[in-house]
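A.B. asks: Below are the chains, spelled out letter by letter.
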Amino acid sequence: MNQKTFKQGGIKLKNSKKVTEDLPIELIPDPDFVVIPLSQHFGAPSKPIVKKGDFVKIGQIIGEAIGKMGSNVHSSVSGEVIDVANYPHPIELESLAIKIKNDQKSDWFTGQNSESNRLPFEREEIIKNILDNGIVGLGGAGFPTHIKLSPPPTSFVDTLIINGAECEPYLTADYRLMIENTKQILEGIRILLKVHPFKTVYIGIEKHNHKAIQAFESALPSLKVDVPVKVVSLKEKYPQGAEKNLIYAITKRIVPLYKLPYDIGVIVQNVGTLFSVYESYMLNKPLIERVVTVSGDCISTPKNLKVKIGTMLKDIIEACGGLTKEPEKIIFGGPMMGISQRSLEVPVIKGTSGVLVFEKDPALISENCIRCGRCIQNCPSGLMPLKIVEYYQAEDFESYNKYYPLACIECGICAYVCPAKINLVNHIKLAKHEIQKRRVNK
Amino acid sequence: MKLLHVSGSPHIRSALSTKIIMNSVTIALLPLVIVSVAVYEWNHIIPILLIGSFTAVISEGIFQKMFHLKLSYFDGSAFLTGLLLALTLGPRTPLWMPMIGSVVAIFSKQVFGGLGQNPFNPALIGRAVLLLSWPIESTTWIQPIKVLTTATPLSVYKMNEFGTVGLQKVFDTLGGTPSLAYKNLFLGFRSGSIGEVWIPALLIGFIFLVVRKIVSLQATVSFLITVIVLSYLFKLDILLMLMSGGILFAAFFMVTDYVTSPLLPGSQIIYGVGIGLINMLIRKYSGMPEGTTFAILIMNLISPLLDFKIKNPTGFVKEKSKQ
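So the protein sequences, as listed, match chains A and B.
This note's numbering puts the first residue of the first sequence at 150, with every later residue one more than the last.
This note's numbering puts the first residue of the second sequence at -6, with every later residue one more than the last.
Any given hint could be a false lead.
Reference listing, derived: stretches of chain A covered by chain B, where coverage requires no fewer than 3 residues with Cβ under 8 Å from a Cβ of chain B [said to hold, decoys possible]:
id, region
1, 251 to 259
2, 503 to 511
3, 514 to 520
4, 532 to 539
5, 549 to 558
Short, incomplete list of chain B residues facing chain A, as computed with Cβ under 10 Å [stated by the list, open to error]:
id, residue
6, I5
7, I14
8, D165
9, G169
10, V252
Footprint (simulated), chain B over chain A, 3 or more residues, beta carbon under 8 Å [said to hold, decoys possible]:
id, region
11, 484 to 490
12, 570 to 583
Simulated from the structure, these hints should not be mistaken for laboratory data.
Note that beta-carbon positions come from the ideal geometry of N, C-alpha and C, so glycine has one too.
With the sequences and hints as input, model every part of the structure.
C.D. replies: This is the structure in structure tokens:
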């Protein structure tokens, strides 16, 4: 058994990737309107720097980073700003967003999207470029990449892991990117090696995606770098792509509780993020588009689409031939950790890896817990979800706080395996929220 | 367009449900039911089992209706409780006994808040009440096939102070030679409860549950090992101790109950050891020949305490004491 995997828990899910895994990434026709939220990343929402009536070009900065964790936001089309107001947001209910009417001229902002004079690989220059171009982690959380690449000087980071695990069912966006843009992703590694002197680079891919493993292995010799770059075949198991699990599977290092990967010398970057870093540095292209898998039993022709940030859900569905059946549930992201949507009037943001449209929602009624212990056995973080939920429901803060709810990675396995259909992870999220609220109030 | 459903993740769930788990255990008991109907008088066994299980379902329904609770009497758990209770009774038990036992069993579960909330195994509460209230009716045993009223091998052994004379008496009633006696014990040619009759059927049912990952092994194995070790220390006949009485039935179908056993594997091992210990102490030193029922009920009571430990999450680092 040379397939690597994480330490404990985890489950095998039906991966449902067959539908889209062999479909090349397609470009979606430019939408007539885009709504670009100013909150698409981990930190504070960006400050709008355009107003109604302004004309913007593709790649022009429209939202400026605020605070340490902030990130810039750019226009994904050229045209007129027709509104700066609150609009529906796929994660938050509403957020300040900029609505732009596309003039379909596809004019790029000066100096962007061109392969000019991009070679003096200086660390500061690269970091600034990544910040300027609004690159954030594309795995979902939207952590600003320039922050992740700037660990405190006291740390001893020696390992870079490229996350190509994509362990959520249905999603094939990263997989397609790895097959179609293998070279660019590898060039992204070269760029990151200039940012930080990593000693080893690993690319983690689940075993069933062997085509991506082969693509990297055959392209590797042409990437001439001084440090070893290894492709690692991972066991197909959920949640293999969770940062801490991936680190353990590949390096056998354990991230201590409440610590971050750089504390044990590792930085993890998603393959999509790496591709964006490549485009950002080599072409000076801001993060204005991403690959999204559109799948689910209501989609007439499932696809892997390259979508402009701010494209409305209804435009994406239209680009996939519309709906065959009336849906009951629409999810942004994967089925295990994705976020259900209220309407078709929501925009794709930087962290949207998939759009899944289902005819049926399980809509389960939870029964009494029978204490079978499956949530404990399968928890990849080694928690006792049922205890946290039991005490949370009894509003016994002192007790549930003792069961380490903050160590929960919210993978959803506890709720998935529960025979009584209790949504444990939902309660744990609320418990975490309560703990954080009390900390702030202290 | 219809309104879309909005809910927290995950948006997919496994097919496993409480009902499937309960029904799997019922299916695991089927070989036992079939064998017992075949070797005992079917006109006694079938009514006992049916009355036991359906009384449980009906009384659960009545209870839930009476107290305006969510109706869940059809989820298979009440049926299973009734069936388990009926299987612990003797093959000539009068029919009012499984009826009363099932009502008591369901009551003991519902007063604490229903499924998942009961501290005691309901079927065993039912059996304990019957055993203490009607000791004569509860301990009338017959041999299969021959339909002779006899004492159980265990009580024969015990009445002769567990000595070699007693062991010889047991062997005499079970075929003469030790090897024949053990074979008859294994294949059920001896008196006992309905559910104890044919050990291969018990094993088939248990293996089915283990293979389907419905039950875990820790408590069962530690219980049986404790029985073996203590039989050896008490200088008792190990095979006779294991195969007579309710030990195997309890080890496979009662000790593995989720609700009344601890959650963590380590605690489950302690739980099994505790049951084995109490069980053997009752067999050896008390006035009763058999003590599995009470051993499990006592450990049920302790079970939540065994889960005192908070599991350390991945990446847990022991805090260094401040100096």
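A.B. asks: Now tell me, hint by hint, if it's right for this structure.
C.D. replies: Cross-check of the supplied hints:
{"no.": "1", "hint": "251 to 259", "verdict": "violated (count 0)"}
{"no.": "2", "hint": "503 to 511", "verdict": "holds (count 4)"}
{"no.": "3", "hint": "514 to 520", "verdict": "holds (count 5)"}
{"no.": "4", "hint": "532 to 539", "verdict": "holds (count 4)"}
{"no.": "5", "hint": "549 to 558", "verdict": "holds (count 4)"}
{"no.": "6", "hint": "I5", "verdict": "holds (4 Å)"}
{"no.": "7", "hint": "I14", "verdict": "holds (6 Å)"}
{"no.": "8", "hint": "D165", "verdict": "violated (46 Å)"}
{"no.": "9", "hint": "G169", "verdict": "violated (46 Å)"}
{"no.": "10", "hint": "V252", "verdict": "holds (5 Å)"}
{"no.": "11", "hint": "484 to 490", "verdict": "holds (count 7)"}
{"no.": "12", "hint": "570 to 583", "verdict": "holds (count 5)"}
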